[in-house]
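Novice: In order, the protein sequence lines correspond to chains A and B. At position 635 of the first sequence (counting the first as 1) the number is 635 in the numbering used here, and the numbers step up by one without a gap. At position 134 of the second sequence (counting the first as 1) the number is 830 in the numbering used here, and the numbers step up by one without a gap.
A hint or two may mislead.
Stated by the list, open to error - For lysine-lysine, the following DSS-like pairs were computed, each having C-alpha atoms within a straight-line distance of at most 27 Å:
#1 B:K1235 with B:K832
#2 B:K1235 with B:K1224
#3 B:K988 with B:K1019
#4 B:K832 with B:K1241
#5 A:K136 with A:K528
#6 B:K1224 with B:K1241
#7 B:K935 with A:K3
#8 B:K1235 with A:K319
#9 B:K871 with B:K988
#10 A:K3 with A:K324
#11 A:K239 with B:K699
#12 B:K1020 with A:K323
#13 A:K528 with A:K545
#14 B:K832 with B:K813
#15 B:K813 with A:K239
#16 B:K871 with A:K239
#17 A:K3 with A:K528
#18 B:K935 with A:K324
#19 A:K136 with A:K117
#20 A:K214 with A:K175
#21 A:K3 with A:K136
#22 B:K1020 with B:K809
#23 B:K1019 with A:K239
#24 A:K136 with A:K113
Hint data in this document are derived by calculation from the structure and do not stem from the laboratory.
There are 2 protein chains.
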Amino acid sequence: MGKCVNHPERETSYLCMKHQVYLCEDCLKCRDPKIYCKFRSSCPIWFMEKRQKNWDSEDKTAAVHPQRHTVVFLPDETAVDVAAGATLLDAAQAADVFVNASCNGKGSCGKCKLVVKSGSVDATPTALLTDGETEKGYVLACQSRVTEDVTVAVPREAVERKLQVAGMGEAVSAKLEGLVGRIDPMLTEIPLTLTPPTLDDSVSDLDRLNRGLKQSGCDVDRLNVGIRVLRQLADAVRKEDWNVTVSIIQRKCANEILDIRPGNGESRSLGIAVDVGTTSIVVYLVDMATGKVLAATSGHNRQAACGDDVINRIVCAEKDGVKKLSRMVLATINNLVGEALAGADAEAREIKNVVISGNTTMAHLLLGIEPRYIRREPYIPTVSDFPVLKAGEIGIRANPMAAVFVMPGPASYVGGDIVSGVLYAGFHREEPVTLYIDVGTNGEIVLGNRDWLMTAACSAGPAFEGGGVRWGMRAEDGAIEEVSIDSSSLAPTFRTVSNAAPRGICGSGMIDLISEMLLKGIIDAGGKFALPEDHPRMKTVGDEKGYVAAAAEETEMGEDILFTETDIHSLVLSKGAIYAGFTVLMDEVGLDFSMIERVYITGGFGQHLDIDKAVTIGLLPDIDRSRFAYLGNSSAAGAYMALLSDDIRREARELSNRMTYIDFSSNSRFMDAFTSALFLPHTDLGQFPSVTVPRA
Amino acid sequence: MGKCVNHPERETSYLCMKHQVYLCEDCLKCRDPKIYCKFRSSCPIWFMEKRQKNWDSEDKTAAVHPQRHTVVFLPDETAVDVAAGATLLDAAQAADVFVNASCNGKGSCGKCKLVVKSGSVDATPTALLTDGETEKGYVLACQSRVTEDVTVAVPREAVERKLQVAGMGEAVSAKLEGLVGRIDPMLTEIPLTLTPPTLDDSVSDLDRLNRGLKQSGCDVDRLNVGIRVLRQLADAVRKEDWNVTVSIIQRKCANEILDIRPGNGESRSLGIAVDVGTTSIVVYLVDMATGKVLAATSGHNRQAACGDDVINRIVCAEKDGVKKLSRMVLATINNLVGEALAGADAEAREIKNVVISGNTTMAHLLLGIEPRYIRREPYIPTVSDFPVLKAGEIGIRANPMAAVFVMPGPASYVGGDIVSGVLYAGFHREEPVTLYIDVGTNGEIVLGNRDWLMTAACSAGPAFEGGGVRWGMRAEDGAIEEVSIDSSSLAPTFRTVSNAAPRGICGSGMIDLISEMLLKGIIDAGGKFALPEDHPRMKTVGDEKGYVAAAAEETEMGEDILFTETDIHSLVLSKGAIYAGFTVLMDEVGLDFSMIERVYITGGFGQHLDIDKAVTIGLLPDIDRSRFAYLGNSSAAGAYMALLSDDIRREARELSNRMTYIDFSSNSRFMDAFTSALFLPHTDLGQFPSVTVPRA
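Could you put together the complete structure from these sequences and hints?
Specialist: This is the structure in structure tokens:
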């Protein structure tokens, strides 16, 4: 039972398994798109499931349990005091310990596993843990209430590992090299040697400074200066005998002197390009003089504790305040910046330029700007073209004066990350008609060329990033990223990231797995298992049967990695939404696949994407494979370009304004296309001539 | 004994009586103008006096007296704890009780009188108190060290009274009416009714706001916006159904949205024009819609506790930090603003525009900007053209968002107050060659017309504002402002401000008095008394004889108001410096008095200035009286104009740049002219044909 997302006064047992929000019966029946969220069109009644569990939400709270208990989290021995009755997930959030909670504590994803080491908790029974796990002391953090002092361990397999970014450090440098011609940061440092004053040249220090700046080519008529700098000025110019370095920030309409310091020796200037994904965050630390990427780090967005997708995050911000979500994402970014700095032997104060690339919700949450109207019709963001801000006023780990450029985005559901990606892909400057597909938690499509650009969003969900899939994970160490299945034994052969013992399956691995299962007859076109239950590769856990992708004896946690029909269903919903998205968008402008000259794919699949297999499952269209290109993390690459170039930043603003957004939320054609795409590869096999699915 | 102002390691007994700073023998002998201050030319060795007192500075401090005692100040019963050994002046400053200390605690001005009511203090004997005063328990605050708990009273005659501003409230309104055509504040509030968003018009809130602003004629391409406003935006636009009021600040190069609030009803917008004088501060509270002056208040600049002139203030800022001086002047301003608000039944948050007009040192100290290079050759201010700031970042009692314009000034010793005054006088737009004389603590001169403008400063000292004159005071209640002397009895007839019992003499009264004494043969051209010591109007106090301007039985404090040769000397130094100033400036451009078509006089004399008498003492040139005009407080009037008009603010910047500053600090002609002017009316009587001084 839970509260209806639209009518909080109503208790309901209808849970949307996709968005993890409750809906009352009126909302389910109502066809008015205003009632439900942005995603209504891709979230029809049929995948609501009546939840049978009698778990009764977060209502049992501290008020009735006045005592407090201590929870210690291993391996770091982080201790926190919580009120009795709080969940272990609450405790983890309070202690700043990362626990994945895809479903935002609703008990439906089974990801927030902890192992009780001493003491005990009041745990609600769940089918999401195997008997083996329960025996070993596993509990779900969100389903376990604290009743006494307790020590729990974050299981080894859940400890955050390095993400497999498409190219790290040297590799990133190589990939991005030459993308930007002239380096032109937002915050520049201008060394000056001023003429000392005399009785005959007795202009004020500020006038003298402006004169020096003018001589060095700076447009002083557009230059503002604040009281802080005026208070530093007299000492700063005199301390090193009229040699000074002036920090100037470039803004849309007027520049500003941010800082002045004595001396004009060289000092290193660094920048960070930050890709703020709903699921993952990537940071590039860049030398602003050369454009070299000194370090690249990545990690899970801590907001994951508030749910997988942007809707859940907004709901959480409405409930707990946007500051909480802002703190979470800042904690992630700042940790990653810290790691990058350590790797490059650099200090935060050297970071003087920052570019943030993220979807519209991520940008709002990061900046602490109200996001609630993004999820309500007519889906209005507060800001789409952000002013240049200072790191200190946002809370990013950098020089407090550092200039922060937030990538503009054309709409509530097509944000700066897409603008960033298009900038990197570059087809907005070229002739060929191009289809650009970002398979992320949301799922965005851009279609066009230098003359026109259309864009749309479809709620793909986080399945390809591991969300809503029992053993789904991101492309970290131990993720199964490539799979083939032997035709006769039906046994899988796989490769994992870093060749570590398998811990789960990432996006590219799931595409391979479903494609292989389909081609080898393990599943049918409806995503149902065609094998007998007693087949050696099949196993049942709770009430679900699944294909054993990796056996217990070879996995890191000693549990089978099982791929169930529910998992397949989640992926089919995702790929169906995306396929429907681009076909409907093409339809809107009267194009068919023969007119698409290039298809760019980007997203959180991991480093390798098998185009053939993605076509087989119906994620990508069945066209000449040479027209496809997989771009890796294009949002981070675009952020890197904007970090270095003012032309690119200007281009970003123009690009965002040029894109025509098509809203699918009340588009019946999208609904039809989506329904037709919920087969493998598709209801209409004529669209996939090269895919031969064996008859069961 | 004290520390040399240039060589703090040296103890010296040479005190400049004018600037109240100690100088060592090397400094006295040295002719290098770098050694001493700006005022060296007008501060030659001959008016240094060897101080014979063995008072040994502030060295006896708390370190050797670990106890603390309580000092209670009557009449307000303000209590403060100080370390034993602190002076009562220290205690008063700590308690924020206003005590006039012209000489900055050096024991030479005799102004910081307090009356001990209970307990006792360790008071150094002083000739500056009469026997009658000592009997009544009077002490000098700076010469009295706290050794036990003590209660002291601020004497009734020293309690701050309302200044006689040249025209208050209604009168100010009448004077200023019509000076400004179109009212155009820096911070404007724009009421908007926005079109609510729809699916077909789904631009972001910020874009919608910009669209509304553009439609109302605002240049949105030059508009910045900060994170604070972005965080308010979504709620503000929706709360009153898309009716909002936007506050925009006009800046030199780019405007900024400062605030957005729901609803677009009318709200009152007020402004304050603040004249920050070294001695006095005047505040006009103005209705920004009509230009009406709702209230005018004035008071003593609390920095007076750190000495009378700008040099002493800078020395104090170097010693105790500029923050202390900033706090003092802000306390004065904010009290005056509070009084004005109370008088107009208004609130601080309604004040959205502020103009500050003050000399360069006052502007630096108010803003907390380093002033120390103003007093060191080559006399460089940190800032001369100030950016528009916000009241909140300065600490002025107003809406924290209020825009603050600080009048620009052309040089370290010709500041925004002069630019302000010229703007009000208006001769910089006209044909006639005009001489503009500001007789303030400094003493500034402007000469020119619409084609050219020259300016200079001469250290006039605060004598005409009451500084360095035993019974000198500003034009407050009880100040003698007009004097005539009966030719036969030599008894004075006087008029006081508000016809109150006399408490002292203000500038216009002193001019009258000296002029009358000169014409009636009481003093000679050298400023020495010509009367026998036993004349009924003569009296001796300590070792000084003086003319009884008001007898004890008629004065408020029951003491004679005596005018001594030292007092006359102070005034002669002041008038000599000013006369030398404008004659040398005219000389520089090859003009004589016949070419001067108008003479404007401004300054802190009080409401009435008798031009004839000012000519008699040699302060003003002996030319056709119809060419003179007394402007009252022109600095406040110019500030008022700038408050209302953007054209005036722009004109102020242009004017400041147009003025050519002539430095007198190393000008030998100035020195000669000054020496010649140290007689009444002048050494060269041919320059004063209309003045007939009786032969002794």
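Novice: CA of A:K136 to CA of A:K117, is that 27 Å or under?
Specialist: Distance of about 9 Å is within 27 Å: holds.
Novice: Is the hinted pair A:K136 and A:K113 satisfied, with a Cα-Cα distance of at most 27 Å?
Specialist: holds (12 Å)
Novice: Within a Cα-Cα threshold of 27 Å, do B:K1235 and A:K319 meet the stated pairing?
Specialist: Violated: B:K1235 and A:K319 sit about 84 Å apart, past 27 Å.
Novice: Measure nothing beyond the straight line between the CA atoms of A:K3 and A:K136; if it is 27 Å or shorter, mark the hint as holding.
Specialist: violated (34 Å)
Novice: CA of B:K1019 to CA of A:K239, is that 27 Å or under?
Specialist: Within the cut-off at roughly 21 Å; holds.
Novice: Hey, A:K3 versus A:K324, does the alpha-carbon distance stay inside 27 Å?
Specialist: holds (21 Å)
Novice: Regarding the pair A:K528 and A:K545, is the alpha-carbon distance no greater than 27 Å?
Specialist: holds (10 Å)
Novice: For a C-alpha distance cap of 27 Å, please report whether B:K871 and A:K239 respect it.
Specialist: violated (48 Å)
Novice: Mind checking the alpha carbons of B:K832 and B:K813 for me, to see if they're no more than 27 Å apart?
Specialist: holds (9 Å)
Novice: Taking 27 Å as the top limit, are the C-alpha atoms of B:K935 and A:K324 close enough?
Specialist: OK: B:K935 and A:K324 at ~23 Å, within 27 Å.
Novice: Please verify whether B:K1224 and B:K1241 have alpha carbons no more than 27 Å apart.
Specialist: Judged against 27 Å, a Cα distance of about 10 Å means the pair holds.
Novice: CA of B:K871 to CA of B:K988, is that 27 Å or under?
Specialist: Within the cut-off at roughly 11 Å; holds.
Hint violations for this structure: numbers 3, 5, 8, 12, 15, 16, 17, 20 and 21, all remaining hints satisfied.
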